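Colleague: These protein sequence lines are chains D and R, in that order.
83 is the number that this note's numbering gives to position 83 of the first sequence; each next residue is one higher, with no gaps.
220 is the number that this note's numbering gives to position 128 of the second sequence; each next residue is one higher, with no gaps.
One or more of the hints may lead you astray.
[Said to hold, decoys possible] Now the in silico label distances, taken between C-beta atoms and shown as ranges: (1) 328/R - 81/D: 22 to 28 Å; (2) 546/R - 78/D: 50 to 56 Å; (3) 550/R - 91/D: 32 to 38 Å; (4) 46/D - 328/R: 47 to 53 Å; (5) 252/R - 78/D: 40 to 46 Å; (6) 78/D - 542/R: 25 to 31 Å; (7) 272/R - 82/D: 44 to 50 Å; (8) 92/D - 411/R: 39 to 45 Å; (9) 252/R - 92/D: 37 to 43 Å; (10) 188/R - 22/D: 19 to 25 Å; (11) 430/R - 39/D: 56 to 62 Å; (12) 86/D - 328/R: 21 to 27 Å; (13) 81/D - 188/R: 28 to 34 Å; (14) 86/D - 481/R: 41 to 47 Å.
Derived by calculation from the structure, the hints in this document are not laboratory data.
Since the structure is predicted, the reported quantities are computational estimates derived from the model, not experimental observations.
Ideal Cβ positions, reconstructed from N, Cα and C, are used throughout, including at glycine.
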Amino acid sequence: MALQIVDGCVNCWACEPLCPSKAIYAALPHFLIDAKKCTECDGDYADKQCASICPVEQVIVDSQGAALNPPGSLTGIPPERWERVRAEIQAR
Amino acid sequence: MELTVLGQSQTTAPDAGGCASSGCGSNDDQLNHLPEHIRAKVHNHPCYSEEAHHHYARMHVAVAPACNIQCHYCNRKYDCSNESRPGVVSELLTPDQAVKKVMTVAANIPQMTVLGIAGPGDPLANPERTFDTFRQLTEKAPDIKLCVSTNGLALPELVDELCKHNIDHVTMTINCVDPDIGAQIYPWIFWKNRRVYGRKGAEILIKQQQKGLQMLVDRGILVKVNSVMIPGVNDKHLEEVSKAVKAKGAFLHNVMPLIAEAEHGTFYGVMGQRGPTHDELQELQDACSGDMNMMRHCRQCRADAVGMLGEDRGDEFTLDKIEAVDVDYAAAMVKRAEVHAAIEATLAAKQQKKNETFISLSSLSIPKKESRPVLMAIATSGGGIINQHFGHAREFLIYEANAHDVRFISHRKTDLYCSGDDTCGDGESVLQKTINALKGCEVVLCSKIGYEPWGMLEEAGIIPNGEHALEAIEDAVAAVYKEMGEKGLLDKKPETQQRATA
Ligand code: SF4
Ligand code: SF4
Ligand code: SF4
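All chains, please: the whole structure from these sequences, using the hints.
Modeller: Right, here's the structure in full:
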């Protein structure tokens, strides 16, 4: 069981110091998770630390490839509502 | 009547000492309540003293890329677009590299007095990197003041560690004191190993900010509060923020315009949130000023800016260039002390001269009720004098002259603002952009100006004026205002000139 960092990572360093398993390392073009070390934070934290601070949606995925921060989850706006919200904001 | 130059209060203080009376963000009058040792902390800090920013330089090092909150005006890919810098950081430094760079710059730009860590990201969300840099500098370069900007979330737990270093000031970004408004600015925060969303997250952030502010004030640290003005979100609310932070003892309030362009990739940018107009910003700054200092010369510097405010000499000090340099810091400190003494002497002389000027200008005889305030734009590259060619100016200092005084209002970048009207399309020339940025000003003072812009400025109802080249800004503004009075130009507004209203 391990998480993975995929394309889209902005190399912001936020996740690296938080990982209780020291599984995350700086690499190019983007940070990576050492699958052998990642415990998915099991036993350390209720929430997976890297996914809980990562500012970019869809960058951290589980072994199934599913995003831990799916589209809309970090902006707080479900994708289907984007157009409505956009109109609201533009009216300000 | 004496013509004094004030920050914003209408009280006249011709005998202002300390940071002089140069439209200073920290007007002496308003510093009176502070003890001497605190006033001494401000006078050579370019970001705290409007006078100092003409003479002293600062630099930022980008060592802190991580952040523990999300602001809707920030895209981490392009780093922090409001808190500290609109643009990109060219290189992220390790603490060791940062220390080397700071010492190299301090040796080469002796006017450099302040080193700030302002992200990209939140310096206190990167405590190891930030404190490692501070620790080394406190030891190796004791003549450099240290400065930090933070969103405040981690401040309470780190305040004591922070105070161990050579820190006089802390900048905190506080955009709201109401969690409902906060929820529209901060989608989430990272708190106690969990992501906390919406209003709940904003509530925690606000609590931590207010607590941190109190703790800093209690420890005698000066706190500058930055607020980003977001039309339709916190614009009406910022007066309340200003009151709240002032009541807690914040030293300076800096209301900055939101910068949100789609190409920055920020949430606000992508969603089409507009930034405030010059007029809206100025109005809010005036409303917030009250008896607390308002900062008006902020340049929203990049997180890796080097040099005087409004200039960036970062290119001279890239990693590959500084690697080869060997700095003799002991020698540099001697030179730095000499340069600082010379600047102080110049300022003292200027102060002397200004006091004389007060007398000669006191003969000013503009009938009070008929004269109205006039905004003037100044092209300057520093030193408090008019010394820049109109065509070279990438920013202008805006001064207001009225029957009582000349005061510094703000600076305007010529390429930063979008006024939102239809002259602002793609085909817009640089010159047209510049003229748009000067909306509301009636005069432009510069060292020289070309034929074409001269005509276009006149057409836009702005009087170009190159007659005061190399003169002190305030004196020139006062003289031009007086001239306008004599020509009867102050009786009514010229018809071609309209203040932006939208
Ligand atoms: S899930 Fe936990 S253990 Fe795995 S990389 Fe992320 S922070 Fe480290
Ligand atoms: S927090 Fe996300 S964006 Fe930042 S380095 Fe880690 S994976 Fe990349
Ligand atoms: S605090 Fe600064 S770096 Fe963090 S999200 Fe806000 S603007 Fe960006």
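Colleague: None of the hints should be skipped; say for each whether it holds.
Modeller: So, going through the hints one by one against the coordinates:
no., hint, in the structure
1, 328/R - 81/D: 22 to 28 Å, "holds (25 Å)"
2, 546/R - 78/D: 50 to 56 Å, "holds (54 Å)"
3, 550/R - 91/D: 32 to 38 Å, "holds (37 Å)"
4, 46/D - 328/R: 47 to 53 Å, "violated (39 Å)"
5, 252/R - 78/D: 40 to 46 Å, "holds (43 Å)"
6, 78/D - 542/R: 25 to 31 Å, "violated (54 Å)"
7, 272/R - 82/D: 44 to 50 Å, "violated (22 Å)"
8, 92/D - 411/R: 39 to 45 Å, "holds (42 Å)"
9, 252/R - 92/D: 37 to 43 Å, "holds (41 Å)"
10, 188/R - 22/D: 19 to 25 Å, "holds (22 Å)"
11, 430/R - 39/D: 56 to 62 Å, "holds (59 Å)"
12, 86/D - 328/R: 21 to 27 Å, "holds (22 Å)"
13, 81/D - 188/R: 28 to 34 Å, "violated (47 Å)"
14, 86/D - 481/R: 41 to 47 Å, "holds (42 Å)"
The structure shown violates the earlier hints numbered 4, 6, 7 and 13.
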